[in-house]
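Trainee: These are the residues of each chain, in order.
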Amino acid sequence: MTDTRPRLALITGGSRGIGRKTVLALAARGVSVIFTYNTDRESADEVIRAAGTKEAKVTALQLDVAQLEQLPGFVEQVDAELTERGTDKIDYLINNAGVWHTASFADTTVDQFDRLFSVNVRGLFFTTQALLPLLRDGGRILNTSSGLVRFVFPGKAAYAMSKGAIEPLTRYLAAELAPRGIRVNSIAPGATATDFSGGVIRDDPEYRARVGAITALGRPAEPEEIAAAVAALLSDDMAWVNGERIEVSGGMRL
Amino acid sequence: MSRIALITGGNRGIGRASAYALAEDGTDLIITYRSSPHEAEAVVAELTERGRTAVAVRLDITDDESFPEFGERLRELLHNQWDRESFDILVNNAGFDRVTPFGKTDAAAIDALYSVHVKGPILFTERLAPLIGDEGRILFTSSGLTRYVANPAYSVYASMKGAIEIYAKYAAKILGPRAITVNVLAPGATATDFAGGIIRDDEQYRAMITSNHAFGRVGEPQDIGGAVRTITAPSAGWITGQRIEASGGQSL
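Residue numbers (this note's numbering), protein chains in the order written: chain W, 1 to 254; chain P, 1001 to 1252.
In case anyone wonders, no lab produced these hints; they're calculated from the structure.
C-beta: ideal position from N, C-alpha, C; glycine also.
Certain hints may be false.
What the hints assert, rightly or not - Derived coverage of chain W by chain P (criterion: at least 3 residues anywhere in the stretch with Cβ under 8 Å from a Cβ of chain P; other residues may be distant):
| hint | segment |
| --- | --- |
| 1 | 58-72 |
| 2 | 219-228 |
| 3 | 235-245 |
What the hints assert, rightly or not - Derived pair list, reagent style SDA-like, types lysine to any residue, alpha-carbon separation capped at 20 Å:
| hint | chain 1 | residue 1 | chain 2 | residue 2 |
| --- | --- | --- | --- | --- |
| 4 | P | Lys1173 | W | Asp91 |
| 5 | P | Lys1173 | W | Gly218 |
| 6 | P | Lys1173 | W | Gly212 |
| 7 | P | Lys1169 | W | Val152 |
| 8 | P | Lys1169 | W | Gly212 |
| 9 | P | Lys1173 | W | Arg208 |
| 10 | P | Lys1173 | W | Arg253 |
| 11 | P | Lys1104 | P | Pro1152 |
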């Protein structure tokens, strides 16, 4: 059951946070990676250097998943990248790119709401659709939801709704793509020490303590812990898990 | 140092496949069996062949009065075979089914299902918890049947499995300070001896239960064994209090 054939992963939003650590975790396992970044080429280059592995090639492509008109050109770029690596298909598509916004329900504006849905829902939906021809039969899609879909932190209503939309999509894709042998699941990270929410989970000791108090494992996650779970969930061992939402939160708000 | 896993009902079906999957990662095994010592010995022989240290111990998970003695025996075993005071992974897998057609549910069936799927695993886990090392893994086995109704006659079976899902969530919270993760694996219909082998052997029954399935087939024991290995792996340390279904996409 050990993965032997070389695999290729496409990860959206790989220049920082959980995406960055996922690039590194997969590269360390010998998976070659194409990841996207939106604006920060410098960070993307840093990820490529950090991956620095001989056996697994890592490259970055610019993509704003909210700009749907970019998709045809992006798919061409991915295709060219695959050809260059002597393959023609993606084994793992990890939809990680996303934006967050904090505002009380009363204060959330239409623009904020639209931005969340444009990236987290529309962007993920149509990026996945555009990449379908490049996805290998028997491959995997892993969508990134959020623990906030299940439990409430005031100020994240619109964000949680946008992430929640991914969960039924995951089940529908699991059913619709099964004829191609493609497994589709979602992970729902809990509070993780990244730039998310202005870096408060990473940087604010008082906030971290509050998260720890409501988490079975007693603290927020480090992004590499989520990345390790992502890599594990993509293993061939998990091929019979399909259409599932797996929370990776260390037991938040159990 | 090898990790050590204890799998109840490791002599056949999903338990055996889980033992083989864990062995591939270099995990040593203690498997329990209830009534088939020869099957258990064959599994131990196979595991030994694969270079693992493996031991089979008899256990009736419905006989909670035997647990203190089992615990003592396990302590000695860990000491003698591995020179350790603890083990790393507990997979509560042993179980059996009883059908309970509505209107004909029999009290003895409820009691039997309760003993094997709820009372036994709870008391067994609590008895063994002090022997599970920090950062250990506990896995309870539920069933896809807690989410969907594939066969109405499994009402009580599924209810008991549902009960253990909730217990697992509490145990995850309670054992969190020791960084022990507690999760539930919920297999879908799997081709084993379960229910007299009907899922494996009866084509018509199989067709009935896979009519609403993404892949249109039932699982094989090794499909589930792989999931057991992944969820109990060191890399899954941040997954706790979860129910993870391995059904291939039944009744989506």
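Trainee: Mind listing which of the numbered hints don't hold for this structure, in increasing order?
Mentor: Hints 1, 4 contradicted; others consistent.
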